[in-house]
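**Student:** Taken in sequence, the protein lines are chains A and B.
Sequence positions in the first sequence follow full-length UniProt numbering and run 1 to 552.
Sequence positions in the second sequence follow full-length UniProt numbering and run 1 to 306.
Read the hints as simulated data drawn from the structure, not as lab findings.
Honestly, I wouldn't trust all of these hints.
[Unchecked claim] Listed below are the simulated SDA-like cross-link pairs for lysine to any residue, each with C-alpha atoms no more than 25 Å apart in a straight line: (1) A:K117 <-> B:M37; (2) A:K479 <-> A:K117; (3) B:K247 <-> A:V503; (4) B:K111 <-> B:R211.
Just so we're clear, the structure is a prediction, and the values are computed from it rather than from any experiment.
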Amino acid sequence: MKRNLLKPGLTLVLATSLALGMAACSNSSSESSPTPQPTDSTQPPSEVKLNPEEPAWKLDTSPVDLTWFVGANWYGQTWGDSLASKYVTEKTGVNIKLEVPSGEANEHVTLMMTSGKLPDLISMGSWENAVKKLWEGDHVYALNELADQYDPYFFKVAGEGSLKWYRQENGNTYGVPNDSYSPTLMHETGMTAANQTFLVRKDLYEEMGSPDLSTPEGFLNALQLLKDKYPEYKGQPISPFFAQGNVPYGMTEFLQNLLAVPHEQDGKVYDRVTDPDYIAWLKTFRTAYERGLINVDFLVDSDTQVEEKTNNARYFMMVREWNGMAAVNPMLAASANPDSYYIAVDGPKNSKGDAPKLFPGNMDGWMVTMISKSTKNPERAIRFLTYLASEEGQRDLFLGKEGETWEMVGDKPQLKPEMVDLQENDIEKMEKQYGILDTYWMMRNPVIINQWRPAKAPVLKQMEDFANERADIDSGIYKGLDPQGDSDVAVSWARIAQNWEEVMPELITAKNEAEFDKVFDNFLDRRSSYGFDKVMEHRQTELDARKAKMAE
Amino acid sequence: MFQYRTGQMKALLKQWQLQSMVIPGIIWMFIFCYIPMFWLIIAFMDYSIAKPLFDSPFVGLKHFQDFLSDERFWRSIRNTLGMSSIKLILGFPIPILFALLLNEIRSLRFKRTVQTISYLPHFIAWTIFGGIALNWLGEGGVINQLMMAIGVQEREILFNSEPKYFWWITFFTDTLKETGWSAIIYIAAISGIDPGLYEAAELDGANRWQRMWHITIQSIRPTIAILFILAVSGILGSNFEQIFMLKNNMNMRMAESLDLYIYNMGLVSGRHSFSTAVLFARSIVALGLLFLANSTAKKLTGDSIF
């Protein structure tokens, strides 16, 4: 009797357990190999005669859909609703479907690579591991080969400099960068694309009497004053400090730049983490934590929490790139507390009081755009990229349509005043409705578009000027010397870097200086056991190679 | 079913319409569970996803040696076992108790409402639920407010920055989210019990506690045993989404579970062969645990999966 009663329940359990088992099994299915790629599924070049002096997109403007992966999970634009994108689609026939990663771009692309299915166009941060894998794994077309075949005009517009910069050992170039700045350009124009700034909330900073933040003593005193007198300010609880990108960026590379820690000494790559000034400042942060002047919120907050605090101007100071404030600062300036926006001031400095040496833009640029071999329309893709890289394409995407968003003033295109107004007051509407200026930045070329750029709002210009003045134009070459990919030395570096992310919080929360030193020494030991020597060698080789390339 | 023992084949043929329903499931399992096993081969190679499979060299047990000598691997084992043990020892009885309590509710409408509300959180993705939990635990969060209001703590604690709290945070958030859902299976088992048993017991003078103990619990014992066996074999697994959402640089020391370690090594650092080796080893241990738990359960209670 009892047995029979149990059966329905038992069957249920077994069914569920089977289902659970299946779900568990399915995890392993992500470990499949890349399916073989069609190397070249396209027809032989059409009969049309290609003219290297003429853009080839005009030959075929029939409608075609291309997917475009943009490796930034915060990127929220769409294609086809805004004026500029509609105009470009109308003109070239190319309709774009924008895709963004749900999490980290690097992981997303790695997953897509394993599945063997990639979007037609891929834009990714030039520093990302996956870029190298896409190139080495033959997942993307050599742009020079595609251009030879379908659109030789590409060579005319892509810029010999950046093509050469990204040329691989096999003579091919697989990607075009955006925001690529050559040192000559920066010296000529004074526009350095430097982003790194040290920001403080203006009204609070001024009410505190513009305290000195550049020495450890001044820094601690200011924090003490903040704690004693302004735990709340204008109705908001104040968080004293924030560092962008957490440990690996804000508290490491960025802070080192503020302290003007050298990258190189007597031709040898310098181990910046062990720099005495840097360590002295980490100890300052430790002291601040010990005294309860800062909390560890900047090490643990999620992006949403950070955004919430930023939007309410709840941070007193920030180690942060100013362009991340491009939307927030005007908003704060227009809020009920018009002086609650952020201004760039001198932050932590080294013991000699040197000015910061901030990263400028560099030849690597920001993102590189590639054409994947999964695309069914490589000829349309390369022609589209050529168009976007050309002055015409840059203008269409940056300014929009003549007569509607811009007009000729003399012999120079100029944005209509209402657009400039919109940019200052309702950047979201401008992006959604018109899609001009920095809405579609994937192929943005500063050399061409900066001449059209309207003057920035003063609350942004202050930060930009600050960064430009302190940019170390020739230091672009030191950006991203670390080994990437899956070589042994890259694995060593990944282990060290991941360990540093855990060690840094321990340093800051260490009970006393002795413990700080102990934790740091342990880290150094661990680092060398992971193979740090090889990493330094790699950095040196990479730096030498870059110098050689620059000298060419 | 037992009367067919002599003519099982005949019975099978007679029920072919019903039996054939299982075929898609078997095909599915073959494609998604058995074929991928072939790729475990990359655990023994220096595999690069950029190249075809057999262009990569075989390296034997190199990756196994590598992870066994990585202190971070052992740390992740410790964390996984810690979190799983808490979940197993403290967490396992909770849905059972919940189902029993629910079963004692007289008002049907109230019972249904409670049940529905209790399993709703299950349908919220961890990405959302984790974000909510972080706000509760953070500065100005409800937990800090509460603790300060009742005087347990004086100043705000960033709970998520203290490694020592992490295991408990995973336990409590998981309990909060999954209790109702996990209870469903017990509720289903309880509803299969013959009401006649309760009536008979009542006539014999058994009170509610006695009925609960002698009828309800005894009747769902096999269900409990089977779920326990499965839980034990899953002790090396962890809730990846949950930990991924709640971890940060400060609590990483206690948060990195085996799953997260595999993820960090495989996808973040791009060491595919290495992480496959870890996964492979983990699966073997899990299989061993399954057999162990099964035979133990068989000995102790007479109930088992196979």
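**Student:** Checking one constraint from the list: CA of B:K111 to CA of B:R211, max 25 Å. Satisfied?
**Tutor:** 19 Å, holds
**Student:** Within 25 Å, alpha carbon to alpha carbon, are A:K479 and A:K117?
**Tutor:** Violated, at about 31 Å.
**Student:** Are B:K247 and A:V503 close enough, with their CA atoms no more than 25 Å apart?
**Tutor:** The given pair, whose Cα atoms are some 15 Å apart, holds under the 25 Å limit.
**Student:** Starting from A:K117, check that the Cα of B:M37 is at most 25 Å away, please.
**Tutor:** 22 Å, holds
Hint check: a violation occurs at hint 2 only; the rest are consistent with the structure.
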